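Could you build all of it, start to finish, from the sequences and the hints given here?
Protein chains: 2
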Amino acid sequence: MQRTRVHNFSISLDGFAAGEPQSFETPFGHAGQRLHQWMMATRFWSEQGSDGVDNAFAVRHSDGIGAEIMGANKFGPPGWADDPSWRGWWGENPPFHTPVYVLTQHERPPLEMEGGNVFHFLKASPAEALATAKQAAGELDVRIGGGATVVRDFLAAGLIDHLHLVVVPIVLGRGARLWYGLEEVQEGFDVESVGSPSGVTHLTFTRRDTAS
Amino acid sequence: MQRTRVHNFSISLDGFAAGEPQSFETPFGHAGQRLHQWMMATRFWSEQGSDGVDNAFAVRHSDGIGAEIMGANKFGPPGWADDPSWRGWWGENPPFHTPVYVLTQHERPPLEMEGGNVFHFLKASPAEALATAKQAAGELDVRIGGGATVVRDFLAAGLIDHLHLVVVPIVLGRGARLWYGLEEVQEGFDVESVGSPSGVTHLTFTRRDTAS
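Listed in order, the protein sequences are those of chains F and U. Each residue of the first sequence is one higher than the one before, counting from 0 in numbering that gives the first Met the number 0. Each residue of the second sequence is one higher than the one before, counting from 0 in numbering that gives the first Met the number 0.
What the hints contain is simulated information worked out from the structure, not anything from laboratory work. Quick caveat: nothing in here was measured; it's all calculated off a predicted structure. Virtual Cβ for every residue (Gly too), placed ideally from N, Cα, C. It cannot be assumed that every hint is accurate.
[Claimed, not checked] If you want the footprint, here are the derived chain U segments under chain F, 3+ residues with CB under 8 Å:
{"id": "1", "stretch": "6-19"}
{"id": "2", "stretch": "165-175"}
{"id": "3", "stretch": "181-187"}
{"id": "4", "stretch": "193-202"}
Next comes the structure, spelled out in structure tokens:
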């Protein structure tokens, strides 16, 4: 059965997935790289990286994924929609290697890049975007790539089957908030938690009726 | 060296230490008992309880503590200060067995109860209250007993040496918020995290210059 999954989604103790202000120079605002250092230290990120619990979670990012849905704020800094030459953060061979659906108010023609990356720009509800992405993914799963608003919207709509959060032990105080409007969202999920020697906590939410 | 400690302070994933509304019937609002079920299932709470990682943390509550400071909202439901007969939630032999300093705008004479419990009602800043409590505690440590506002105020004032949080995998959406105004509070602390089979995550913050 096709599932809709979130992986390696990092938040602060107070639930922010990015600081502020977000800009070209500081994509995660005052959080800097602190939310993702745990991942950059894994073998998933570089061959010199660690191969323990953090890596075991990190590598699931691409495993069996046939399409990604991301928010406009992940594709570029504020204002990118007004710049026809903006092609994302990731160079000419982005790390997705699947169709990617960018949810935006500003539709534009698809952008085909190297390595099987094709960006589609979609003005659609979460359910509509997911139907499109599932079709593109064939038998494979769909990853919801963030940022916080998109993960929150898909959770609120009941569309997530598996959510992997990484709680980083910092308090950001302000930024892009995951939990807002998600009262009792844990219902229907099995939740597990494990601490890592790196200091982060991995939380998984697995929807009961889709657990294998 | 005397330390100021917080133990068994339970919060939801979104950082609430109580739901709402708080009342005599529902001291933790819509959270009910869900934030403290992990503790009620330990041997610390009852002889039939579990004796694993949750209990190992839970029993530290009273270990070496010579006084507690609590907020007005922990001592009673909204309005208790207008009721001269209110003597706390805990019956005639409360579980503190030390002097307890209740921070309140409404001072009243000390309340002496069984088992070494003496409640003092204090209109004071965190630093003033702590100085008083430390003197009463002798060589022992002082526990900051909550609620969220009191823990937050003492953290913001840099007065906490050891903080034990228990993150319960529920999303409350509203209530008494711990993290507000605590940007970068983790600085100066060593933070550890461990998941428990019960589903909760224990987080400890230990101030570096007081770690033994």
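Comparing the hints with the structure gives:
1. Coverage of a stretch by a chain is defined here by at least three residues with a beta carbon nearer than 8 Å to that chain's beta carbons; for the stretch 6-19 of chain U and chain F the count is 3, and the condition holds.
2. Against chain F, the stretch 165-175 of chain U contributes 7 residues with a C-beta closer than 8 Å to a partner C-beta. That satisfies the three-residue criterion, and the hint holds.
3. Counting residues of the stretch 181-187 of chain U whose C-beta lies closer than 8 Å to any C-beta of chain F gives 5; at least three are required, and the coverage claim holds.
4. Against chain F, the stretch 193-202 of chain U contributes 7 residues with a C-beta closer than 8 Å to a partner C-beta. That satisfies the three-residue criterion, and the hint holds.
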